[in-house]
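Listed below are the residues making up each chain.
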Amino acid sequence: MIMDRPGSQYIFVYSRESLNDSSDRASYIAYRDKRLTNKEYLEHWGKWVHLDDKENIHDLARKLDLYVEEGTIPCVKFDRAPQQWADMDQCVLCVYCDDRQRDEVFEILSGMGVKIKAWTYDREVVEKWMPGGQYLERWITANGLKKEEADRTREESRQKFKAAFFDKPDEPCQGWIQ
Amino acid sequence: MNSVVVRISGALRKLTGGKTEIELAAAGNIADCVVNLEEQFPGMREKICDEEGEIQGAVNIYVNGDNVRSLQGLATTLKAEDEVDILPAFAAA
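From first to last, the protein sequence lines stand for chains V and X. Taken in order, the first sequence gives residues 1 to 178; the numbers are from our numbering. Taken in order, the second sequence gives residues 1 to 93; the numbers are from our numbering.
Derived by calculation from the structure, the hints in this document are not laboratory data. Just so you know, nobody snuck in bad clues.
Residues from chain X shown here face chain V by an in silico Cβ test under 10 Å; the list is partial:
{"hint": "1", "residue": "Ser9"}
{"hint": "2", "residue": "Arg69"}
{"hint": "3", "residue": "Ser70"}
Covered stretches of chain V, as calculated for chain X (at least 3 residues, CB under 8 Å):
{"hint": "4", "stretch": "87-94"}
{"hint": "5", "stretch": "133-145"}
Each computed SDA-like pair below joins lysine to any residue, with the alpha-carbon atoms no more than 25 Å apart:
{"hint": "6", "chain 1": "V", "residue 1": "Lys115", "chain 2": "X", "residue 2": "Leu15"}
{"hint": "7", "chain 1": "V", "residue 1": "Lys147", "chain 2": "V", "residue 2": "Val125"}
{"hint": "8", "chain 1": "X", "residue 1": "Lys79", "chain 2": "X", "residue 2": "Arg69"}
{"hint": "9", "chain 1": "X", "residue 1": "Lys47", "chain 2": "V", "residue 2": "Thr141"}
{"hint": "10", "chain 1": "X", "residue 1": "Lys19", "chain 2": "V", "residue 2": "Met88"}
{"hint": "11", "chain 1": "X", "residue 1": "Lys19", "chain 2": "V", "residue 2": "Gln84"}
{"hint": "12", "chain 1": "V", "residue 1": "Lys128", "chain 2": "X", "residue 2": "Glu54"}
{"hint": "13", "chain 1": "V", "residue 1": "Lys128", "chain 2": "V", "residue 2": "Ala26"}
{"hint": "14", "chain 1": "V", "residue 1": "Lys54", "chain 2": "X", "residue 2": "Thr16"}
{"hint": "15", "chain 1": "X", "residue 1": "Lys47", "chain 2": "X", "residue 2": "Val5"}
{"hint": "16", "chain 1": "V", "residue 1": "Lys117", "chain 2": "X", "residue 2": "Glu83"}
{"hint": "17", "chain 1": "V", "residue 1": "Lys34", "chain 2": "V", "residue 2": "Arg102"}
{"hint": "18", "chain 1": "V", "residue 1": "Lys117", "chain 2": "X", "residue 2": "Gly28"}
{"hint": "19", "chain 1": "V", "residue 1": "Lys160", "chain 2": "V", "residue 2": "Ser23"}
{"hint": "20", "chain 1": "V", "residue 1": "Lys115", "chain 2": "X", "residue 2": "Gly65"}
The beta carbon of each residue, even a glycine, is placed where N, CA and C say it ideally should be.
Whenever a hint applies, use it, and build me the whole structure from the sequences.
Next up, the structure:
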């Protein structure tokens with residue numbers, strides 16, 4: 001089911017089952033029906049990254065919705081429009097899964113004509129959104145934050161990831177808000 | 001030396017005249033790929049590599065899906081029919 005929250009850069013695709021599970025908003029972060037802990041998430045969770053024009057990306061997301069609904073693909077995220085703060089001229093679509101199922105997920109993408117083959121672990125992304133990380137620093141610069149605001153943003157980011165992952169490695173992973 | 005397919009995404013396509021898939025006849029490793037691309041598309045090397053000759057932070061290079069930073073970087077060896085993808089690093093944000 002496509003979840004389009006106005007105002008968000010990203011549009012998500014979740015299964016109805018995971019959306020309806022109010023007791024566990026991140027039940028899709030699983031491998032073979034077993035929820036991943038924070039430690040397992042940082043070890044195994046990642047995404048296939050694909051770039052294309054906006055129309056093609058949105059069309060691909062609609063096709064992938066069927067696979068998310070039947071549970072073959074855990075989750076999809078795609079850009080509403082190219083991200084200008086990162087100088088992107090194409091939209092990005094990320095297909096999330098555990099690395100132990102990444103080959104079977106890529107076969108689905110390949111069957112839909114996707115050729116770009118680029119796997120990124122979420123731990124790499126988390127690192128780059130931490131203080132000093134490439135994405136966070138670029139975002140701070142692109143948004144023209146003053147030193148005080150920039151330092152506050154860095155500290156908030158550090159606290160967010162610490163609380164989300166590093167303080168409780170054995171608890172079920174709840175993901176992080178993007 | 002082996003023939004490999006290199007796919008280019010993002011702003012680097014401006015240097016290839018919009019071409020997204022390039023077959024390189026001779027590439028023993030990623031560094032060879034970069035040299036070969038530079039010969040065909042001048043300006044490519046400085047977009048991919050920094051002043052120290054390492055892969056720029058703004059670029060990710062993948063071989064058969066894996067980021068070469070987790071392999072041997074520019075020294076990552078290539079075999080026939082390997083697929084190389086060059087993407088802007090921010091795509092993975």
